[in-house]
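A.B. asks: Take the given structure of chain A and dock chain B to it, following the hints.
Each chain, written out:
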Amino acid sequence: MTAGVPTEFISPGPQSFDTPPIIDGVDWFTKPVLVAVLSVVVIVWFYWGASRKAAIVPSKLQFAGELGYNFVRNSIARDAIGSTEYMKYVPYLCGLFYFILLNNVAATIPLIQFPTFSHIGWAYVAAIMSWVIYNAVGIKKHGLLGYFKHQTMPAGVPGWLMPLMIPIEFISNILVRPISLSLRLFANMFAGHILLLVFVLGGEYMVFESGNIALGGVGIITFLMGIAIAGLELFVQCIQAYIFVVLTAQYIGSAIADDH
Amino acid sequence: MSEHQDPKPSPPNSGDGWRVLSYLIGGVLVYGGIGFGLDRLFGTQFLLPVGIVLGAGLTILMLHFRYGSRS
Numbered sequence: 004m005t006a007g008v009p010t011e012f013i014s015p016g017p018q019s020f021d022t023p024p025i026i027d028g029v030d031w032f033t034k035p036v037l038v039a040v041l042s043v044v045v046i047v048w049f050y051w052g053a054s055r056k057a058a059i060v061p062s063k064l065q066f067a068g069e070l071g072y073n074f075v076r077n078s079i080a081r082d083a084i085g086s087t088e089y090m091k092y093v094p095y096l097c098g099l100f101y102f103i104l105l106n107n108v109a110a111t112i113p114l115i116q117f118p119t120f121s122h123i124g125w126a127y128v129a130a131i132m133s134w135v136i137y138n139a140v141g142i143k144k145h146g147l148l149g150y151f152k153h154q155t156m157p158a159g160v161p162g163w164l165m166p167l168m169i170p171i172e173f174i175s176n177i178l179v180r181p182i183s184l185s186l187r188l189f190a191n192m193f194a195g196h197i198l199l200l201v202f203v204l205g206g207e208y209m210v211f212e213s214g215n216i217a218l219g220g221v222g223i224i225t226f227l228m229g230i231a232i233a234g235l236e237l238f239v240q241c242i243q244a245y246i247f248v249v250l251t252a253q254y255i256g257s258a259i260a261d262d263h
Numbered sequence: 119m120s121e122h123q124d125p126k127p128s129p130p131n132s133g134d135g136w137r138v139l140s141y142l143i144g145g146v147l148v149y150g151g152i153g154f155g156l157d158r159l160f161g162t163q164f165l166l167p168v169g170i171v172l173g174a175g176l177t178i179l180m181l182h183f184r185y186g187s188r189s
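Quick note, the sequences are listed as chains A and B, same order.
To convert, count from 1 in the first sequence and add 3; that's the numbering used here.
To convert, count from 1 in the second sequence and add 118; that's the numbering used here.
Watch out, some of these pointers could steer you wrong.
Using C-beta positions, here's what the derived DEER-type ranges look like [said to hold, decoys possible]: (1) B:Ile178 / A:Pro23: 45 to 51 Å; (2) B:Val171 / A:Ala158: 21 to 27 Å; (3) B:Gly135 / A:Thr22: 32 to 38 Å; (4) A:Thr22 / B:Arg158: 38 to 44 Å; (5) A:Trp31 / B:Phe183: 47 to 53 Å; (6) B:Gly151 / A:Leu186: 17 to 23 Å; (7) A:Met165 / B:Arg158: 25 to 31 Å; (8) B:Phe183 / A:Gly146: 21 to 27 Å; (9) A:Pro166 / B:Asp134: 22 to 28 Å.
Incomplete in silico selection of chain A near chain B, CB under 8 Å [said to hold, decoys possible]: (10) Val160; (11) Met168; (12) Val179; (13) Arg180; (14) Leu250.
Derived by calculation from the structure, the hints in this document are not laboratory data.
Every residue gets a Cβ at the ideal spot worked out from N, C-alpha and C, and that includes glycine.
With the rest of the complex left out, here is chain A (with noise of 0.2 Å):
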């Protein structure tokens, strides 16, 4: 930390990721677990409290919890589900939209500043649930046989071309989506948070530990940059956990469609 001693400039890499264990041999125990659990308390708090004391003329924090509930009920369930069945998602998308923002914001609050989605992990089991949730309330609607040809057979596609079209719905709705579903949100996890450390580790090396005055100017304006990059990044942190959640109810939505 001396200044004008140039020490080496470690490179924050996938290693930067590896958390140890908070509590000593307790292996599982790492700090996106820790982040999760902190969310998932936080949330309960919220709704507990705005629903506790529930009035016709609403508290503050009545209010907010009503606020929050109403954006994914309307603006995600309702319309991507269509209005006769969407409530019975509610829940699950709440729930979800919510943990995920709440992890994917972790990155931008003071001392977390983790995102539990970086770990890849975490966006599979997420995704996972989605496309089993779609998945089985489909066959549940449709029948086995019946959601499978609904899955397979593209609307509006002239018969002709139904042979050659019947693998690409097939591949993209079975397969194809709970994969983007999860590297998606990984991907824009795991990059914002490293592009963060690359422009704050570069800045505060160059300022404090190369010893040269000229990369320390440079250095200043890197961190100004960190600081612009991180509003961008609470903004694709809010994005994304929108994004994911909008389309599990898409496809949810798609799934108990009467299209055919």
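C.D. replies: For chain B alone, kept in the frame of chain A given last:
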């Protein structure tokens, strides 16, 4: 907030772009994969690119039928 008033309704098709992306990946994957398999089978080299282009083309055709007439 009343029951049926939504201050900012998002368009119902707001996720279509992302679904189109998954179709494009699916089309390229299927026909590229078939091309790759046939290449291995016959020892040729040109069927993989042909399959990729064919898959992308068929997907675009399908998207045209599926979403083209909607608006």
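A.B. asks: State for each hint whether it applies.
C.D. replies: Going through the hints against the structure:
no., hint, verdict
1, B:Ile178 / A:Pro23: 45 to 51 Å, "holds, 49 Å"
2, B:Val171 / A:Ala158: 21 to 27 Å, "holds, 25 Å"
3, B:Gly135 / A:Thr22: 32 to 38 Å, "holds, 35 Å"
4, A:Thr22 / B:Arg158: 38 to 44 Å, "holds, 43 Å"
5, A:Trp31 / B:Phe183: 47 to 53 Å, "holds, 49 Å"
6, B:Gly151 / A:Leu186: 17 to 23 Å, "holds, 18 Å"
7, A:Met165 / B:Arg158: 25 to 31 Å, "holds, 27 Å"
8, B:Phe183 / A:Gly146: 21 to 27 Å, "holds, 26 Å"
9, A:Pro166 / B:Asp134: 22 to 28 Å, "holds, 25 Å"
10, Val160, "holds, 5 Å"
11, Met168, "holds, 5 Å"
12, Val179, "holds, 5 Å"
13, Arg180, "holds, 5 Å"
14, Leu250, "holds, 5 Å"
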